[in-house]
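Q: Chain by chain, the residues run as shown.
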Amino acid sequence: MTADEARDRFADAVEGTLGEDAAAFEAALASDAELKDEYALYQQLMGSTRALGDDDEVQPPPALLPEVQRKIRTRSRGRFFRDRFAAEGGEKNTLTLVLAMAILLIVAATMVLVQDLVVVDLPTTTSTE
Amino acid sequence: MVLLGFHVPMEEAEEQQLVERLKRQDEAAFNELVRLYDKRVFRLVLRMLNDRAEAEDVAQEVFVTIFKAIGNFRGESKLSTWIYRIATNHCKNRIKYLDRRARGKKSELDEVSEHAAMESASMSSSAQVARPDEQAEANQIEGIVRAAIAELDEDQRELVILRDVENLSYEEIQQITGLPEGTVKSRLHRARLSLMKSVQKATGLSKEAKKGKNA
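Chains Z and G are the protein sequences, given in the same order.
According to the working numbering, the first sequence is numbered sequentially starting from 1.
According to the working numbering, the second sequence is numbered sequentially starting from 130.
Okay, chain Z solo, but in the shape it has when bound:
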């Protein structure tokens, strides 16, 4: 096996799929120090690349799920992942809010009317002197 042929089989060697060419590959490495160094670097590279897969430093952002839900809610015009207010009450909650505001308005208007209608006659003070 020539050095170039061996170079083309680096991947097979690392993955253990050389089969019957394994001996020829080993012989090529043994006869060429430069090729041997290259293969060692290739192995080291594979090790480092695989180590990236075990990298626990890469964590998804904690807001990933809420953000995905928000996007689906917006794009489905509220059909999916409705917010808690809408999901729990929906139209019923909105009606309650409108009624409460109407009652407040009525109470306020009544107070103004009552102020205008009720006239309090205060007793006149007379001098005893």
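Any given hint could be a false lead.
Not everything, but these chain G residues come out facing chain Z in the computed CB check (under 10 Å) [what the hints assert, rightly or not]:
hint, residue
1, Met139
2, Asn160
3, Glu185
4, Val274
5, Ala277
6, Ile290
7, Glu295
8, Asn296
9, Leu308
10, Glu310
11, Lys314
In silico EDC-like cross-links for lysine to aspartate or glutamate, where the CA-CA straight-line distance does not exceed 16 Å [unchecked claim]:
hint, chain 1, residue 1, chain 2, residue 2
12, G, Lys168, Z, Glu57
13, G, Lys314, Z, Glu15
14, G, Lys168, Z, Asp56
15, Z, Lys71, G, Asp186
16, G, Lys168, G, Glu190
If you are wondering where the hints come from, they were derived from the structure by calculation, not from laboratory data.
Each residue gets a CB set at the ideal place from its N, CA and C atoms; glycine is no exception.
Assemble the complex: chain Z is given as a structure, and chain G must be docked to it using the hints.
A: For chain G alone, kept in the frame of chain Z given last:
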């Protein structure tokens, strides 16, 4: 399935049940799916884009697409393979979009190797520390490899990430990329040789910088 904080591969029947619930647009099932795959999807997307902000946005879009397109999943491949295909397609589209916007791509490789060179030079000049320990050297190589992967063209980068980082089988990679096995293997081999050259170049620079500092 979540076991002591680690995600373990789902059983086929369990996966089928989840898919059926997803097809009924069950929101709880979707939340479960996001929790199962968020780390794998985010890691893949981050490696492909090498930009955290872009990766966060693309990861969200991947899950939105899954929610919308789950009805088209025919179960011919594993659910994870289908998810990886959506993720890699999103990444490629985003890379094209960013390229179109002519966003200046910073050469992180040069930055890392320069930093590594300075680090090893400063370590060698220290009287107390004779040379970097093995762990520091391994971390340095890993940093260089990470940056070198980011410098690969998107097709090569995709294969290196799927095969060497995510450890997927050639069959899964074929299903994700739609490429024949021979093409996957030859492209992957070229990608690794290219990575090797980048690493040689970067570590060579470090050694030269170290020598220069010592001289």
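Q: Each hint: holds or not?
A: Here's how the hints hold up against the structure:
1. Met139: Result: violated, 19 Å to nearest chain Z Cβ.
2. Asn160: With a closest approach of 6 Å, the asparagine 160 of chain G hint holds.
3. Glu185: Since chain Z brings a Cβ to about 5 Å from glutamate 185 of chain G, closer than 10 Å, the hint holds.
4. Val274: Where the cut-off is 10 Å and the nearest Cβ of chain Z is about 4 Å from valine 274 of chain G, the hint holds.
5. Ala277: For alanine 277 of chain G, the interface hint holds, since the closest Cβ of chain Z sits about 9 Å away, which is under 10 Å.
6. Ile290: Hint holds; isoleucine 290 of chain G Cβ to chain Z Cβ min 9 Å, cut 10 Å.
7. Glu295: Check passed: Cβ of glutamate 295 of chain G comes within 6 Å of chain Z, closer than 10 Å.
8. Asn296: OK, holds: asparagine 296 of chain G within 10 Å of chain Z, min 6 Å.
9. Leu308: Given a least distance of 16 Å, the restraint on leucine 308 of chain G is violated.
10. Glu310: 12 Å, violated
11. Lys314: Holds - the Cβ of lysine 314 of chain G comes within 10 Å of chain Z, reaching about 7 Å at its closest.
12. G:Lys168 - Z:Glu57: Measuring from Cα to Cα gives roughly 11 Å; hence the hint holds.
13. G:Lys314 - Z:Glu15: Judged against 16 Å, a Cα distance of about 12 Å means the pair holds.
14. G:Lys168 - Z:Asp56: Holds, at roughly 10 Å.
15. Z:Lys71 - G:Asp186: Cα-Cα ~11 Å, so holds.
16. G:Lys168 - G:Glu190: Judged against 16 Å, a Cα distance of about 15 Å means the pair holds.
Checked against the numbered hints above, the structure breaks hints 1, 9 and 10 and satisfies the rest.
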